[in-house]
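Visitor: Chains A and B supply the protein sequences, listed in that same order. Using numbering that gives the first Met the number 0, the letters of the first sequence map in sequence onto residues 0 to 259. Using numbering that gives the first Met the number 0, the letters of the second sequence map in sequence onto residues 0 to 259.
Worth flagging that the hints you see were computed from the coordinates, not collected in a lab. Please note: incorrect hints may appear among the correct ones.
What the hints assert, rightly or not - Computed list of lysine-lysine pairs in BS3-like fashion (alpha-carbon distance at most 30 angstroms, straight line): (1) B:Lys199 / B:Lys111; (2) A:Lys69 / B:Lys199; (3) B:Lys79 / B:Lys69; (4) A:Lys69 / A:Lys195; (5) B:Lys199 / B:Lys69; (6) B:Lys79 / A:Lys79.
What the hints assert, rightly or not - Simulated restraints, written as ranges between beta carbons of each label pair: (7) B:Arg115 / A:Arg120: 47 to 57 angstroms; (8) B:Asp65 / A:Glu206: 21 to 31 angstroms; (9) A:Pro11 / B:Lys69: 28 to 38 angstroms; (10) A:Ala228 / B:Pro117: 40 to 50 angstroms; (11) B:Pro58 / A:Thr85: 39 to 49 angstroms; (12) A:Thr187 / B:Asn66: 45 to 55 angstroms; (13) B:Phe144 / A:Ala196: 18 to 28 angstroms.
The structure presented is a predicted model; accordingly, all values stated were derived computationally and were not measured. From the three backbone atoms N, C-alpha and C, an ideal C-beta is built for every residue, glycine too.
Number of protein chains: 2
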Amino acid sequence: MCELLGMECNVPTDIVFSFSALSLRGGLRGPHGDGWGLALYEGKAARVFLEPAAAARSPLARFVRDNPIKTLLAVAHVRKKTRGNTSLANTHPFVRELWGRQWVFAHNGTVKDARRRPLGRFTPVGDTDSEHAFCALLDGLERRFPAYPRRRTELWRAVAELGGEIGRGGTFNFLLGDGAHLFARCATRLCYIIRKAPFKRATLADEDLAVDFAEVTTPRDRVAVVATAPLTRDEAWVVGEPGTLWVFDGGACRATLPSR
Amino acid sequence: MCELLGMECNVPTDIVFSFSALSLRGGLRGPHGDGWGLALYEGKAARVFLEPAAAARSPLARFVRDNPIKTLLAVAHVRKKTRGNTSLANTHPFVRELWGRQWVFAHNGTVKDARRRPLGRFTPVGDTDSEHAFCALLDGLERRFPAYPRRRTELWRAVAELGGEIGRGGTFNFLLGDGAHLFARCATRLCYIIRKAPFKRATLADEDLAVDFAEVTTPRDRVAVVATAPLTRDEAWVVGEPGTLWVFDGGACRATLPSR
Chain A
0 MCELLGMECN VPTDIVFSFS ALSLRGGLRG PHGDGWGLAL YEGKAARVFL
50 EPAAAARSPL ARFVRDNPIK TLLAVAHVRK KTRGNTSLAN THPFVRELWG
100 RQWVFAHNGT VKDARRRPLG RFTPVGDTDS EHAFCALLDG LERRFPAYPR
150 RRTELWRAVA ELGGEIGRGG TFNFLLGDGA HLFARCATRL CYIIRKAPFK
200 RATLADEDLA VDFAEVTTPR DRVAVVATAP LTRDEAWVVG EPGTLWVFDG
250 GACRATLPSR
Chain B
0 MCELLGMECN VPTDIVFSFS ALSLRGGLRG PHGDGWGLAL YEGKAARVFL
50 EPAAAARSPL ARFVRDNPIK TLLAVAHVRK KTRGNTSLAN THPFVRELWG
100 RQWVFAHNGT VKDARRRPLG RFTPVGDTDS EHAFCALLDG LERRFPAYPR
150 RRTELWRAVA ELGGEIGRGG TFNFLLGDGA HLFARCATRL CYIIRKAPFK
200 RATLADEDLA VDFAEVTTPR DRVAVVATAP LTRDEAWVVG EPGTLWVFDG
250 GACRATLPSR
C-alpha cells in the first residue's frame, strides 16, 4: 500500500508542511520505502520530482523541503510496492498530456483487473497496474470528449464514472490533477481538510512539527489537503465514504459524486 | 537562441562535468537566462528537472551538480527565449509518451512554420514553436509505424526525414531521446565528441574546471557528448554539417544521415 497526498488552493501555497509528514512516512516512520514522487502544477504544466528510493533519506526530498515551490495544485505519493519493480518507470505520480494539458495521477491500492482493459493511445511505460489504470482512465475521457469539456461538471461526472468502472477490478483510491482541479476518489481510505480563516495551529501526527497557519496566510486563503490518513492530530479531517469522488477547485470541495 | 547538450553512453555516466559548463552559460557566462531543463533516462522513462529561471543561479541546478545521477542517455537545454513566455510549459526538454516509452526533445532555433503544421494526437501544453514541432515529429512517427520499429534503421531514417521536412520552416537544431538512442539534428550549429580509451584530461571552455577522464572511467567506457558549441578547449569536437542527423547508440555515432 502507498500513501497519497494532494493539495489544491485558491492562492499559491507551498506543500512543505504536508510533504514533510508524507516523506517521513516514506521509509523512516512508515513502511513506504520504495520510492516517492511529487508533481507541482504551474498552469497546465507540472514539475515532477520522482525518486525510486525512500523519501525519508532522499537528498531530493530534502531539497524539495528546503526549497519550497508555491503552487495551486500538487499531487504526491510515497510507495510501498505491491506490483512491479522499484524503478523510475513505476514511480508515481504518472504524467500524460491530453487536450494540451498535463494530467497527473497517483494511486493507492491494487487494481489487477486494470491490465485486462484494452488500451487506447496511452501506453504504460512501466509495469504497474496503476499506470495501466491511468492510461485506461485517460482513454475513457478522450473517447467521451473531443476536447477539454467547457461544462466542467460533465468532466467531473465522467471521472467519477470511469473511476467507478475501473475501480470494480480492485482497490482504486486515486488522486488526479488536470491543472484546474484535483479529483480524489475514495475506494477504501481517503480524507481531506479545508484550511481557511480563522486559521489555527496544526501539529503533524507523526512528529512534533507544528505550524501556526494564521502566521503564514491571509484571511482569503483556502487550502484543501487530501491524504490517505490524517496528517495532523489536532484538526478535524473529513473521512471519505468508499465509492465517492471529491472534486476540489479554488481550495474548496465543489462536489462529492458517486463513483461505483 | 539556446544551447543544447546531449549525452549517450555504453555505461551509466554522470553528466555533471558537461552540465556544469552548460548551466554556467545559463545566465552567468552566456545570455541564456530564461530557463533550463535536464532529462536523465532510466530505461524507457526519464527523470526531468525543469526550471523557468537562470541555471547559473538555480538551487535546483546546483542540486543536480552536487548529486550526480548516472545515466546512459541525457538531454539538457538552457534557454534564451525567442518565442513564448518564460514559463514551465515553455521550458525544454519536452516529454511525451509514444509506444510505451518516453520521448524527450530539446530545440535550438526557431521554426515559425511549425505552427502551421496540422497536429495529430499530441497537443502543445505551452506556446513555443519548439513544442509544436516536437508534437508534429511524434505524430509523423506514429503515422509511419504502428509500434516501435524492430528495424532500428527505419526509425533512424524516419527521424531524419521528418526532421528535414519540419526543418524547412526555420532553424531546426534538435536533440531527441527515446530511451535507446540519442538523435541529434544539425541545422546550423551542433558538434560532438566521443570520449573513449585512452582517456585524457579535458578543460571546460568557459572556466578552469578540468577533469582527467582516465581517473573516472574504465577502458571499455564510451561516452558521446553533443553540444551546440564545444564545451571543452582541449578536445577535438566533430562539427556538424547543416542538414544532417546523427544517431548515437552505445556511446558511438552509428549513422550520419541526410536530413533536408
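Visitor: Next step is simple, just say for each hint if it's right about the structure.
Guide: Here's how the hints hold up against the structure:
1. With a CA separation close to 42 angstroms, the supplied pair Lys199 (chain B) and Lys111 (chain B) exceeds the 30 angstroms bound.
2. For a cut-off of 30 angstroms, the pair hint linking Lys69 (chain A) to Lys199 (chain B) is broken: about 45 angstroms separates their Cα positions.
3. This hinted pair checks out: Lys79 (chain B) and Lys69 (chain B) have alpha carbons roughly 27 angstroms apart, not beyond 30 angstroms.
4. Restraint check for Lys69 (chain A) and Lys195 (chain A): satisfied, since their Cα atoms lie roughly 17 angstroms apart, inside the 30 angstroms limit.
5. Restraint check for Lys199 (chain B) and Lys69 (chain B): satisfied, since their Cα atoms lie roughly 20 angstroms apart, inside the 30 angstroms limit.
6. Simply put, Lys79 (chain B) and Lys79 (chain A) have alpha-carbon atoms about 41 angstroms apart, too far for the 30 angstroms limit, and the pair is violated.
7. Taking 47 to 57 angstroms as the suggested C-beta distance range, the pair Arg115 (chain B) and Arg120 (chain A) does not conform, at roughly 24 angstroms.
8. Distance hint check for Asp65 (chain B) and Glu206 (chain A): the Cβ-Cβ separation is about 27 angstroms, which falls inside the suggested range of 21 to 31 angstroms.
9. At about 34 angstroms, the CB distance of Pro11 (chain A) to Lys69 (chain B) agrees with the hint of 28 to 38 angstroms.
10. The hinted range of 40 to 50 angstroms is satisfied by Ala228 (chain A) and Pro117 (chain B), whose Cβ atoms lie roughly 48 angstroms apart.
11. About 27 angstroms separates the C-beta atoms of Pro58 (chain B) and Thr85 (chain A), a value inconsistent with the hinted range of 39 to 49 angstroms.
12. Judged by the Cβ atoms, the range 45 to 55 angstroms given for Thr187 (chain A) and Asn66 (chain B) is violated: they are separated by roughly 36 angstroms.
13. In this structure, Phe144 (chain B) and Ala196 (chain A) break the distance hint of 18 to 28 angstroms, their C-beta atoms being roughly 56 angstroms apart.
When the structure is compared with the earlier hints, violations turn up for hints 1, 2, 6, 7, 11, 12, 13 and for no others.
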